[in-house]
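Enquirer: Chains as they are written, first to last, in the working numbering: chain V, 212 to 342; chain A, 212 to 342.
Keep in mind that the hints are not guaranteed to be accurate.
Remember, identical chains collapse to one label, so a pair may be satisfied in a single copy or spanning two.
The list that follows gives simulated cross-link-like pairs (lysine to any residue, SDA-like), each with its CA atoms no further than 20 Å apart [said to hold, decoys possible]:
#1 K320 - D235
#2 K303 - P254
#3 K221 - G255
#4 K281 - P257
#5 K281 - A271
#6 K278 - D237
Simulated from the structure, these hints should not be mistaken for lab results.
There are 2 protein chains.
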Amino acid sequence: MTSSSDVRKKIEAVNARFMTMFADGDLAGVCTLYTEDAMVMMPGMPALSHRSGVATFLGAVESLGVKQAKLATEEVEAMGDTAWERGNYELKLGNGTVADHGKYIVIWKLRNGTWELHRDIFNTDQAPPAG
Amino acid sequence: MTSSSDVRKKIEAVNARFMTMFADGDLAGVCTLYTEDAMVMMPGMPALSHRSGVATFLGAVESLGVKQAKLATEEVEAMGDTAWERGNYELKLGNGTVADHGKYIVIWKLRNGTWELHRDIFNTDQAPPAG
Numbered sequence: 212m213t214s215s216s217d218v219r220k221k222i223e224a225v226n227a228r229f230m231t232m233f234a235d236g237d238l239a240g241v242c243t244l245y246t247e248d249a250m251v252m253m254p255g256m257p258a259l260s261h262r263s264g265v266a267t268f269l270g271a272v273e274s275l276g277v278k279q280a281k282l283a284t285e286e287v288e289a290m291g292d293t294a295w296e297r298g299n300y301e302l303k304l305g306n307g308t309v310a311d312h313g314k315y316i317v318i319w320k321l322r323n324g325t326w327e328l329h330r331d332i333f334n335t336d337q338a339p340p341a342g
Numbered sequence: 212m213t214s215s216s217d218v219r220k221k222i223e224a225v226n227a228r229f230m231t232m233f234a235d236g237d238l239a240g241v242c243t244l245y246t247e248d249a250m251v252m253m254p255g256m257p258a259l260s261h262r263s264g265v266a267t268f269l270g271a272v273e274s275l276g277v278k279q280a281k282l283a284t285e286e287v288e289a290m291g292d293t294a295w296e297r298g299n300y301e302l303k304l305g306n307g308t309v310a311d312h313g314k315y316i317v318i319w320k321l322r323n324g325t326w327e328l329h330r331d332i333f334n335t336d337q338a339p340p341a342g
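Given only the sequences and the hints, what does the whole structure look like? Please build it.
Expert: Next comes the structure, spelled out in structure tokens:
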């Protein structure tokens, strides 16, 4: 029986790899942290599927000049080979400016002994510019 | 043993109540579909907590002139008293115009025999207006 706190540590370790790979520009590496049948649900477009969709998502983030992605886990609940995580993110430009910050939920799957991101949805905490 | 397809039917029934109550302007009723310790993660602000936070969220949607909220379940996976759902939403104004459409993930909890929304996050599919 694996407790949610054990799984939380494992998920935080995968998030640490995500952050390191992203900062190193290894977007192909980040893609491998997702399940083969992952979906990324980013604002402004319909959901993106599979690791090719994850690559599209990461490329879109990189094209905004984001050099660093911080992921901070707030909650994890694990049930067998599935877990859900709630957390906060922060995206920084090369000069250290925070380009965006917000919140996310990820559904995780334990596949071949490794926790992988399976469904990933997020949105900004920042109010839209006054129009 | 309850299957995910049984739970999906129950969750879709709660979503049907959500849609009816919302269309009737019964926002207090919609709040009771959420857990006491719910969180709603809407774009443009930090997460809102408890049913009072749900009321703030629903009031914000109503203040945009939205008269109808459509929820369409795409996936449900249940594990004991917890389930996650992925779906699509559509918000319509009084004249039938679609004000927004997008996607969501909800973490559900079975509390006192009823499936309740526990974590609710969504974002738009619509691209931001060209700036």
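Enquirer: What label fits K221 with G255 when the C-alpha limit is 20 Å: within, between, both, or neither?
Expert: Neither way: K221 and G255 sit 31 Å apart in one copy and 30 Å across, limit 20 Å.
Enquirer: As a check of your reading, is K278 near D237 (CA-CA no more than 20 Å) within one copy, between copies, both or neither?
Expert: within (11 Å within a copy, 45 Å between copies)
Enquirer: Have a look at K281 and P257 and pick one of within, between, both or neither, based on CA distance no larger than 20 Å.
Expert: Result: close only across copies, 16 Å inter versus 24 Å intra.
Enquirer: Given identical chains, is K303 near P254, meaning Cα to Cα at most 20 Å, within a copy, between copies, both, or neither?
Expert: Both: 18 Å inside a copy, 19 Å across copies.
Enquirer: Regarding K281 and A271, is the shortest C-alpha distance of 20 Å or less found within a copy, between copies, in both, or in neither?
Expert: Within. Shortest intra-copy distance 16 Å satisfies the 20 Å Cα cut-off; inter-copy 29 Å does not.
Enquirer: At most 20 Å between alpha carbons: which applies to K320 and D235, within, between, both or neither?
Expert: neither (25 Å within a copy, 39 Å between copies)
Violation of the numbered hints given earlier is confined to hints 1 and 3; the remaining hints are satisfied by the structure.
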